[in-house]
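Listed here are the chains, written in short residue letters.
Number of protein chains: 2
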Amino acid sequence: MVGKSQIKLIKSLRQKKYRDLNSMFVAEGRKCVGELLKSSLDCVGVYTDTPEDHKDVNAALSVVTPQQMKQMSGLKTPAGLLGVFRIPESSLASRTGITLALDDVRDPGNLGTIIRLSDWFGIEQIVCSESTVDCYNQKVVQATMGSLTRVNMIYTDLENYLRSDTRPVLIADMNGESVYKSQWPEELILVMGNEANGISPEIRAQASGVISIPQFGVQQETESLNVATATAIILSEFRRNHPG
Amino acid sequence: MVGKSQIKLIKSLRQKKYRDLNSMFVAEGRKCVGELLKSSLDCVGVYTDTPEDHKDVNAALSVVTPQQMKQMSGLKTPAGLLGVFRIPESSLASRTGITLALDDVRDPGNLGTIIRLSDWFGIEQIVCSESTVDCYNQKVVQATMGSLTRVNMIYTDLENYLRSDTRPVLIADMNGESVYKSQWPEELILVMGNEANGISPEIRAQASGVISIPQFGVQQETESLNVATATAIILSEFRRNHPG
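Protein sequences, first through last, are from chains A and B. Going left to right, the first sequence walks through residues 1 to 244 as full-length UniProt numbering numbers them. Going left to right, the second sequence walks through residues 1 to 244 as full-length UniProt numbering numbers them.
Hints in this document: simulated from the structure, not taken from any laboratory. Backbone N, C-alpha and C define an ideal beta-carbon position, used for all residues, glycine too. Be a bit skeptical, because a hint or two may be false.
Unchecked claim - In silico DMTMM-like cross-links for lysine to aspartate or glutamate, where the CA-CA straight-line distance does not exceed 20 Å: (1) A:Lys38 <-> B:Glu223; (2) B:Lys139 <-> A:Glu223; (3) A:Lys17 <-> A:Glu130; (4) B:Lys31 <-> A:Glu195; (5) A:Lys76 <-> B:Asp107; (6) B:Lys31 <-> B:Asp42; (7) A:Lys139 <-> B:Glu195; (8) B:Lys31 <-> A:Glu223; (9) A:Lys31 <-> B:Asp107; (10) A:Lys139 <-> B:Asp107; (11) A:Lys139 <-> B:Glu223; (12) B:Lys139 <-> A:Glu195; (13) B:Lys8 <-> B:Asp49.
To be verified - Pulled a few chain A residues facing chain B out of the computed Cβ check, cut under 8 Å: (14) Lys16; (15) Cys43; (16) Lys76; (17) Thr77; (18) Asp119; (19) Trp120; (20) Met145; (21) Val210; (22) Ile213; (23) Gln215; (24) Gly217; (25) Glu223; (26) Ala232; (27) Ile233; (28) Pro243.
Let the hints inform the model, and build the full structure from the sequences given.
The structure is reproduced here in structure tokens:
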């Protein structure tokens, strides 16, 4: 039996305040919940309103009514399977190799895509400014398709972090050196900026270099690439040079 | 004065059937409407419920009430400015240079991102399978940020198109040659596939080569990159080799 207070708790996890307070977050759907169950994360509970469809899920299932699932779910159309997981303690940031840093990335879909990309390209940690969207926001969780557990996410004062690191800091921006011509150091911090405003002045002041993705074609009117797309191209260029 | 029948027409344009029937599509917001007004597209009408905010828009504005705007708008929160434009006749497909082909790409956000990317990388045409999401779907229009008018969009029987072209056909898939090692021909057709199923067997049969984005890192569990992200990386690699 799943009680009202449990449903209320799960529903509250849509807000960062309550995720922080309870150290829990929600994932939905077979793929996403399944990936998290395979990981080292602590699972608090898994709920379903369609137990027949989820017999093969490797967890004890709490059966709820479709009405209860609707209340718990953050999706327009609940996916039939909802997992609650413990937010892991964030490890200390490593100071070697390549680190991706995000300066105020706000869109959950963009952060989700960037986490998935980092996993693909073997980037082990992402250091985010405090203003970057929370990685346990459900839209981020869903967009990462499970790769969230394979990338170490750290939220901190980004300016201080950059200031106290000895690696070169490359920022992605307009009018920098072409990504295709860059001499990529093997160890570096790559900073991607906010969707509308790019890199903030405080972070810009910490940069040792600026890299840009050249624009081709005649019209040259596309304002800029989306931050997730730009991250894809830059991480790909880094790995082409340093397969690791 | 804007009448009920006009509002009904605009509302109907959310469906492909009525876009095709009327050869019209809708764009919303200053940025998107503004870019389309600057293009060679025929503008059918521009509507606003906040005329004071849009005095500088280069078009005759029809003033509507907020209630009318709410009915016309396809957005949860209407953007205050809505334009109706004539769908241009699609030009004949060119058979030279690089052509991007899409085999059943279904997500409007992905198509929008791919159009924006193509504009950035100077790809002049995209040939889409009939099953690919309509590029005048409002979510696509909004995601292209105006670049829709700078890329020639062609919907056709993709298998026939590939069969009747002499250029090499490269498909993006798992287990192909690394994008970083490919000898890129200057003229080619690059095919990207469906979000869930990749390239269909009929299209695969037309391929002269398969290219892949190598996966890095230890865990190797990320299933695949998102199609828009993969397109970004591959187009970037093509342009690095052939700046055009």
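Hints and how they fare:
1. A:Lys38 <-> B:Glu223: It holds: about 14 Å lies between the C-alpha atoms, which stays within 20 Å.
2. B:Lys139 <-> A:Glu223: holds, 19 Å
3. A:Lys17 <-> A:Glu130: This hinted pair holds, its Cα atoms lying about 14 Å apart.
4. B:Lys31 <-> A:Glu195: Given pair B:Lys31, A:Glu195 holds - Cα atoms ~15 Å apart, limit 20 Å.
5. A:Lys76 <-> B:Asp107: holds, 17 Å
6. B:Lys31 <-> B:Asp42: holds, 17 Å
7. A:Lys139 <-> B:Glu195: Holds: A:Lys139 and B:Glu195 sit about 18 Å apart, inside 20 Å.
8. B:Lys31 <-> A:Glu223: holds, 11 Å
9. A:Lys31 <-> B:Asp107: Roughly 19 Å between the alpha carbons, so the hint for A:Lys31 and B:Asp107 holds.
10. A:Lys139 <-> B:Asp107: holds, 16 Å
11. A:Lys139 <-> B:Glu223: holds, 19 Å
12. B:Lys139 <-> A:Glu195: Distance of about 18 Å is within 20 Å: holds.
13. B:Lys8 <-> B:Asp49: The hint holds at about 17 Å.
14. Lys16: violated, 22 Å
15. Cys43: Constraint on A:Cys43 not satisfied, violated at 18 Å.
16. Lys76: violated, 12 Å
17. Thr77: violated, 16 Å
18. Asp119: holds, 5 Å
19. Trp120: holds, 5 Å
20. Met145: At 7 Å from the nearest chain B Cβ, A:Met145 passes the 8 Å test, so the hint holds.
21. Val210: At about 18 Å, which exceeds the 8 Å cut-off, the nearest Cβ of chain B leaves the hint on A:Val210 violated.
22. Ile213: A:Ile213 check passes; min Cβ-Cβ to chain B is 7 Å, inside 8 Å.
23. Gln215: With Cβ-Cβ at 6 Å, under 8 Å, it holds.
24. Gly217: Hint on A:Gly217: holds, closest Cβ of chain B at ~3 Å, below 8 Å.
25. Glu223: Because about 7 Å separates A:Glu223 from the closest Cβ in chain B, which is inside the 8 Å limit, the hint holds.
26. Ala232: holds, 4 Å
27. Ile233: Result: holds, 4 Å to nearest chain B Cβ.
28. Pro243: Holds. Min distance 7 Å.
Hint compliance for this structure: hints 14, 15, 16, 17 and 21 are not met, and every other hint is.
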